[in-house]
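Novice: Line by line, the protein sequences give chains A and B. For the first sequence, numbering that gives the first Met the number 0 begins at 0 and goes up steadily by one. For the second sequence, numbering that gives the first Met the number 0 begins at 0 and goes up steadily by one.
Fair warning: there could be bad hints in the mix.
If you only want the chain B side, here are some residues facing chain A, beta carbon under 8 Å, derived [as the list claims (entries may be wrong)]:
| no. | residue |
| --- | --- |
| 1 | Leu13 |
| 2 | Ala17 |
| 3 | Gly65 |
| 4 | Leu73 |
| 5 | Leu101 |
| 6 | Ala102 |
| 7 | Ala107 |
| 8 | Asp130 |
| 9 | Arg133 |
| 10 | Tyr307 |
With a straight-line cut-off of 20 Å between C-alpha atoms, the simulated SDA-like cross-links for lysine to any residue are [as the list claims (entries may be wrong)]:
| no. | chain 1 | residue 1 | chain 2 | residue 2 |
| --- | --- | --- | --- | --- |
| 11 | B | Lys283 | B | Ala118 |
| 12 | B | Lys103 | A | Leu129 |
| 13 | B | Lys103 | A | Glu10 |
| 14 | B | Lys103 | A | Ser139 |
| 15 | B | Lys103 | A | Asp82 |
| 16 | B | Lys103 | A | Asp118 |
| 17 | B | Lys103 | B | Asp274 |
| 18 | B | Lys103 | A | Asp145 |
| 19 | B | Lys103 | A | Pro85 |
| 20 | B | Lys103 | A | Val176 |
| 21 | B | Lys103 | A | Val43 |
| 22 | B | Lys103 | A | Asn127 |
| 23 | B | Lys103 | A | His97 |
| 24 | B | Lys283 | B | Lys103 |
| 25 | B | Lys103 | A | Tyr120 |
| 26 | B | Lys103 | A | Gly49 |
| 27 | B | Lys103 | A | Leu50 |
| 28 | B | Lys103 | A | Ser193 |
| 29 | B | Lys103 | B | Thr84 |
| 30 | B | Lys103 | A | Val13 |
| 31 | B | Lys103 | A | Gln130 |
| 32 | B | Lys103 | A | Leu119 |
| 33 | B | Lys103 | A | Ala59 |
Example chain B residues on the side facing chain A (calculated, C-beta under 7 Å, incomplete) [claimed, not checked]:
| no. | residue |
| --- | --- |
| 34 | Ala31 |
| 35 | Gly68 |
| 36 | Leu70 |
| 37 | Pro74 |
| 38 | Glu76 |
Read the hints as simulated data drawn from the structure, not as lab findings. Just so it is clear, the structure is predicted and the values come from calculations on it, not from any experiment. Idealized CB from N, CA, C, for every residue including glycine.
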Amino acid sequence: MTDRGQTFTLEAFVAAILLLGAVAFALQVVSISSNTAGAGGQEVRSQHAGLAEGVLDEAADDGTLRTTLLYWNETEEQFYDADVDPEDGGFYISRGPHTTFGNSTAAMFDDRRVRYSIDLYFFNETENGLQRQRQRLVDSGTPSDDAVRVVETVTLYNDTSLVDENETRTNVTLEEVHADDNSSFYAPDARPNSRIYTVIRVEVVLWRT
Amino acid sequence: MADVADRTETRGQLLIIAAVGLAVLLVVLALALNTAVFGGVHVAATDDGLREEQGAIQYQNGVERGVEGFLPLLPNETDTYENLTNELEDEFDEELTDWDGLAKREYARDGVATNASVAGVDFGTYIIHDDESRNFTNANSTNTTWTVAENVSTVRSFEMNVSGEELAETDDCASSDECFSLTVDGGAWNLSAYKNTSDGNVTIEINGTESTVKCSTNETNVGIDLTEGTFDATGCEGFTTFQEDLEAPYTLNYTTADRVNGTYELLVDEELDSDDYHEPETGKSPRRAPSVVAAAVTVRYQSADLTYQTEIRVAPDDSDG
């Protein structure tokens, strides 16, 4: 009887292994190591990308993104209240501009401990053809490995006017700034013979700290 | 004695096997529990698929916003209606090609081929009366009461500049029929302009559907913006525009148009062809000219996994073009 007892126990263990193995195989959920990025890393990244896209899309729709791109002091050649000197780019470090879009982005991500960098890309007509150039808006350091990127396109026209530090439209149009030697805009007139000034691509890179 | 020895050995082997079995069991349990807490494989796979579609829709919205910015296209030359129409179509095509060229390069960096091209344009009429000394009668100067625009669904940038010289002098336009007025939809909304007998100020009276408002100024030339609802560059309290009060379509009429002179211009989204207007090449007032008010654009987006093509209609609907 004692022998049979051990056999039964062994049988029970084998049955348990078989059952668990079957469950694992059916669900295909066996992962060998836990994720280094923390709880549900992939899902959190998608969540942040989705949030950022939502904020960007809405800002592009209601014009607040464009207002932020025009929040430029043309005589001092930097964004209003920028952290970096004009010669070095005239952008912000680890924070957004004090515009509606900048504030909503900050409200969305600062609580979630997500850092973001925003870069603006546009083309410049040079002797070698169209060259891509970049103006930083926000620099929050080097992104981590699991950063996500969302993009949006904004069109600026010759008669688009810049905004001042209170986000009110000024009388200064991009065409005037382009013609004036004492002031300049970060993007040049990519199409001088047309009403379109340039097309700017806004890239937002987000990552968790 | 042999029996006892045998039984001990058998028990020993069974114990080892049981121990190994238990160990494997615990490891598999740990793995399953680990995955149950940290796993999330399936969600990510579906997400990437949606990202591609989102990119395509984003591009489409980008095209729409980009094109909206250079509509409406107004002619800036004096030429025949036909020639201006062709010129405007070409100009629109060029603008869109310019935009497409810039956007295309940006998207190409991400491995996406994009294209936006003209499928068709919609014309409206740009009505200009820029001869200040002339009154607001129609082109052959015979009708003091005439229809400016009939059954138009959108009116944009309707700006009027009125000088006080010819205005009727009265205290109340309802009793006097000498006041110049703009009536919409047969009188559902109207604006009358006159000079106050008491102080000689240029006054406008707006009879909206819900309220009546009077505003006056002591300037001799007054600007009235009928799409923004401003008078003399400031707000006039209670000035509701006819587009706020009434639903499209609108029919605009002038009455007693000989009792006012100045300038006006407006943009309507229908093509008007009537004898009440001069042709654009004459340069006389009032005249009509074509303008592009809306367009159909073919949008193409092609990435590694997705090919997307559609035609969108771009029609800016803000009333101040």
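Novice: For every hint, state whether the structure bears it out.
Specialist: Hint-by-hint comparison with the structure:
1. With a least beta-carbon distance of about 4 Å to chain A, the hint placing B/Leu13 at the interface is held under the 8 Å criterion.
2. Here the hint on B/Ala17 is kept, as its CB sits about 5 Å from the closest CB of chain A, short of 8 Å.
3. Hint status for B/Gly65: holds, given a least beta-carbon distance of 4 Å to chain A, under 8 Å.
4. The beta carbon of B/Leu73 comes no nearer than 11 Å to any beta carbon in chain A, farther than 8 Å, and the hint placing it at the interface is violated.
5. Given the 8 Å rule on beta carbons, the hint for B/Leu101 holds: about 4 Å separates it from the nearest Cβ of chain A.
6. A least Cβ separation of about 5 Å between B/Ala102 and chain A falls short of the 8 Å threshold, and the interface hint therefore holds.
7. For B/Ala107, the interface hint is violated, the least distance from its beta-carbon to any beta-carbon of chain A being 10 Å, above 8 Å.
8. Interface restraint check for B/Asp130: the shortest CB-CB distance to chain A comes to about 26 Å, outside 8 Å, so the restraint is violated.
9. For the restraint placing B/Arg133 at the interface with chain A, the shortest Cβ-Cβ distance is roughly 30 Å, beyond the 8 Å limit, so the hint is violated.
10. Because the smallest distance between the Cβ of B/Tyr307 and any Cβ of chain A comes to about 16 Å, over 8 Å, the interface hint for this residue is violated.
11. With a C-alpha separation of about 34 Å, the suggested pairing of B/Lys283 with B/Ala118 is violated against the 20 Å cut-off.
12. For the given pair, B/Lys103 sits about 12 Å from A/Leu129 by alpha-carbon distance, which is consistent with the 20 Å threshold.
13. About 67 Å separates the Cα atoms of B/Lys103 and A/Glu10, which puts this hinted pair outside 20 Å; it is violated.
14. Proximity of B/Lys103 to A/Ser139 is assessed by CA-CA distance (about 29 Å); at most 20 Å being required, the pair is judged violated.
15. For the proposed pair B/Lys103 and A/Asp82, the alpha carbon gap of about 33 Å is over 20 Å, so the pair is violated.
16. With a CA separation close to 18 Å, the supplied pair B/Lys103 and A/Asp118 stays within the 20 Å bound.
17. Distance check on the hinted pair: B/Lys103 and B/Asp274 sit about 46 Å apart at the alpha-carbon level, beyond 20 Å; violated.
18. Under the criterion of a C-alpha separation no larger than 20 Å, the hint pairing B/Lys103 with A/Asp145 is inconsistent with the structure, at around 28 Å.
19. Of the pairs offered as hints, the one joining B/Lys103 and A/Pro85 is violated, with about 30 Å between alpha carbons and a cut-off of 20 Å exceeded.
20. In summary, the hint linking B/Lys103 to A/Val176 is not supported, as the alpha carbons are separated by about 26 Å, beyond the 20 Å threshold.
21. A hinted pair counts as satisfied when its Cα atoms are at most 20 Å apart, and B/Lys103 with A/Val43 does not qualify at roughly 31 Å.
22. Distance restraint check for B/Lys103 and A/Asn127: the Cα-Cα separation of roughly 18 Å lies within the 20 Å cut-off, and the hinted pair is therefore satisfied.
23. Between B/Lys103 and A/His97, the direct Cα distance comes to roughly 31 Å. Violation of the 20 Å bound is thereby established for this hinted pair.
24. Restraint check: the Cα-Cα separation between B/Lys283 and B/Lys103 comes to about 44 Å, which exceeds 20 Å; the hinted pair is violated.
25. For the hint linking B/Lys103 to A/Tyr120, the alpha-carbon distance of about 13 Å falls within 20 Å, and the restraint holds.
26. Annotation: proposed proximity of B/Lys103 to A/Gly49 is violated, straight-line Cα distance about 24 Å (limit 20 Å).
27. For the given pair, B/Lys103 sits about 26 Å from A/Leu50 by alpha-carbon distance, which is inconsistent with the 20 Å threshold.
28. This hinted pair checks out: B/Lys103 and A/Ser193 have alpha carbons roughly 17 Å apart, not beyond 20 Å.
29. Taking the CA atoms of B/Lys103 and B/Thr84, the gap is near 28 Å; set against the 20 Å cutoff, the hint is violated.
30. For the suggested pair B/Lys103 and A/Val13, the alpha carbons sit about 62 Å apart, so the restraint of at most 20 Å is broken.
31. Straight-line distance between C-alpha atoms of B/Lys103 and A/Gln130 comes to about 13 Å, which keeps the hinted pair within the 20 Å bound.
32. Of the supplied pair hints, the one linking B/Lys103 and A/Leu119 holds, its CA atoms being roughly 16 Å apart against a limit of 20 Å.
33. Of the supplied pair hints, the one linking B/Lys103 and A/Ala59 holds, its CA atoms being roughly 19 Å apart against a limit of 20 Å.
34. For the restraint placing B/Ala31 at the interface with chain A, the shortest Cβ-Cβ distance is roughly 6 Å, inside the 7 Å limit, so the hint holds.
35. The beta carbon of B/Gly68 comes within 5 Å of a beta carbon in chain A, closer than 7 Å, and the hint placing it at the interface holds.
36. Because the beta carbon of B/Leu70 sits about 10 Å from the nearest beta carbon in chain A, more than 7 Å, this interface hint is broken.
37. Below 7 Å, beta-carbon pairs count as interface contacts, and B/Pro74 has none with chain A, the closest being about 14 Å; its hint is therefore violated.
38. Restraint check, B/Glu76 versus chain A: the minimum CB separation of about 16 Å is more than 7 Å; hint violated.
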